[in-house]
Structure formats: C-alpha cells, structure tokens
Amino acid sequence: MDLREYYFFSSLDDRELEKLENISTVKKFSKDEILFYTGDESKYLHLLVKGVVKLYKHDFKDNEVVIHTISAPAFIAEIANYEDQPFPANCSFEVESEVVLIDYEKFKNDFLHKKDISMLFIKSLSKKIKYLENFIHTNVTIDINAKVAKFIYDNEKVLDSIKQVKMAEILNIREETLSRKIAKLIKSGIIRKEKRNIRIIDHQKLLSEFI
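One rule links them: number in the working numbering = place in the sequence shown (from 1) + 57.
Check each hint, because a few of them may be wrong.
Unchecked claim - Computed cross-link-like contacts, DSS-like style, restricted to lysine-lysine with a CA-CA straight-line distance of at most 30 Å:
id: 1; residue 1: K185; residue 2: K171
id: 2; residue 1: K207; residue 2: K114
id: 3; residue 1: K107; residue 2: K220
id: 4; residue 1: K111; residue 2: K185
id: 5; residue 1: K223; residue 2: K184
id: 6; residue 1: K165; residue 2: K100
id: 7; residue 1: K207; residue 2: K88
id: 8; residue 1: K107; residue 2: K88
id: 9; residue 1: K262; residue 2: K185
id: 10; residue 1: K107; residue 2: K85
id: 11; residue 1: K171; residue 2: K114
id: 12; residue 1: K220; residue 2: K88
id: 13; residue 1: K84; residue 2: K187
id: 14; residue 1: K220; residue 2: K172
id: 15; residue 1: K223; residue 2: K244
Stated by the list, open to error - Label-pair ranges, simulated between beta-carbon atoms:
id: 16; residue 1: S175; residue 2: E75; range: 32 to 38 Å
id: 17; residue 1: F192; residue 2: S265; range: 19 to 25 Å
id: 18; residue 1: N120; residue 2: D59; range: 39 to 45 Å
No wet-lab data here; the hints were simulated from the structure. Note that the coordinates shown come from a computational prediction; the quantities given were computed from them, not determined experimentally. Quick reminder that beta carbons are idealized off the backbone N, C-alpha and C, glycines included.
With these hints in hand, go ahead and build the complete structure from the sequences.
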C-alpha cells in the first residue's frame with residue numbers, strides 16, 4: 058500500500074507516510090456489499106481507492122433513495138468523521154471496490170493540522186456540501202421533466218456509461234417514467250438516441266427545460 062499515489066497524501070514525507078500506513082488498513086469489497094449503515098459510528102475515515110459506492114436512504118414507503126454516487130479516488134461521508142456524528146446514510150458498493158480504512162482519531166491528531174492535508178479535506182467537504190445542495194434542489198424544488206433534463210445536461214460526458222435503469226435509480230424515479238421523459242425530449246428535437254446512447258442536439262433548449 059502506497060498512499061502517496063493518492064493526491065490527498067502526495068505531500069507527505071517518508072516518515073509521515075509510514076505513520077499514516079500504520080493507522081490504515083486496505084479492505085476489498087464485493088458488489089452490493091455494505092460499507093456502513095445509517096447510525097453506525099464513524100470510527101474510520103474511508104478513502105475509496107478503487108470502484109464506486111452509493112449513499113442512500115429509504116423513504117416512508119421503504120423505497121431506496123440514492124443521495125450520492127461516488128467514484129474513486131474519494132473520501133466517503135467524511136463529514137460524519139469531521140462532525141463526530143454517526144453516518145447519516147447507508148453505503149454500499151456498485152462494483153468490486155477497495156477502501157482504505159484510516160483510524161480517524163489518530164488521523165485527526167497527527168495529520169489534520171497539516172496545511173496541505175486540511176485544505177484538501179476542506180475542499181472534499183465543500184464538494185459534498187455542494188452536491189447535497191444540488192440534490193435537494195433537483196429532488197425538491199423542480200419537477201420530473203426538469204430533473205431529467207438537468208441530469209442529461211450535467212452528465213453529458215458520461216451518459217454513455219450510465220444505463221437507463223441506473224439513471225432512474227439516481228433520479229429516484231421509475232424507469233418507465235424516465236423513458237417517457239426521454240421520449241418527450243427526443244420528440245422535441247432536443248436530444249436523440251444512437252442505439253442506447255443519448256446525444257444532446259440543442260444544449261440551449263435542454264438548458265431552458267430546467268432553468
């Protein structure tokens with residue numbers, strides 16, 4: 058395990074790196090395996106070094122609501138560590154993955170005071186907060202038509218890698234509903250489908266669907 062290859066810790070010298078590795082453990086996980094549940098103690102700082110995880114909760118009808126999908130390399134739910142609170146959501150793996158489990162109490166005492174590390178940690182927290190703000194806006198303040206249009210606009214570069222069933226899961230809507238909304242955008246000449254891939258034809262019209 059060489060943690061220096063991850064940009065979070067690239068500034069560490071050999072002695073610091075050894076100290077970090079002594080408080081860290083690498084663990085492999087299978088697809089659909091659970092990393093933690095809502096309410097679990099946030100004892101470890103979780104660094105996803107390989108794979109993809111999703112953070113999710115269940116609504117009052119016990120439907121799964123996906124809050125965030127995170128790809129490596131990234132910290133997972135580090136705000137729970139920072140605030141010394143239980144994890145606010147469940148976390149499971151979308152694919153086979155690897156996570157570095159770092160003893161957070163020791164990490165906080167030995168590394169978080171370092172300027173480079175603290176700035177990266179704060180930036181990571183800031184990105185999560187912005188994502189949460191966007192999640193609230195997308196799922197609470199705009200309708201389904203706008204929600205679908207915004208997702209396609211924001212994720213244009215990676216649409217080819219997202220299956221429609223996964224897109225529906227991320228948006229927390231039924232796949233049939235998503236299909237109808239996509240068909241409407243196609244009929245309006247805003248997007249087109251090439252085999253199973255979505256292509257944006259008119260970015261300005263797509264933008265006007267959710268602004």
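Okay, the hints, checked on the actual structure:
1. K185 <-> K171: Roughly 21 Å between the alpha carbons, so the hint for K185 and K171 holds.
2. K207 <-> K114: With Cα atoms ~22 Å apart, K207 and K114 stay inside 30 Å; holds.
3. K107 <-> K220: holds (20 Å)
4. K111 <-> K185: holds (13 Å)
5. K223 <-> K184: holds (22 Å)
6. K165 <-> K100: holds (11 Å)
7. K207 <-> K88: Holds - the C-alpha atoms of K88 and K207 are around 28 Å apart, at most 30 Å.
8. K107 <-> K88: holds (12 Å)
9. K262 <-> K185: Distance ~29 Å between K262 and K185 Cα, so the pair holds.
10. K107 <-> K85: holds (9 Å)
11. K171 <-> K114: violated (34 Å)
12. K220 <-> K88: holds (17 Å)
13. K84 <-> K187: With a Cα-Cα distance of about 29 Å, the restraint between K84 and K187 holds, given a limit of 30 Å.
14. K220 <-> K172: Measuring from Cα to Cα gives roughly 41 Å; hence the hint is violated.
15. K223 <-> K244: Holds, at about 23 Å.
16. S175 <-> E75: 32 to 38 Å: At roughly 20 Å between Cβ atoms, E75 and S175 fall outside 32 to 38 Å, so the hint is violated.
17. F192 <-> S265: 19 to 25 Å: holds (22 Å)
18. N120 <-> D59: 39 to 45 Å: holds (41 Å)
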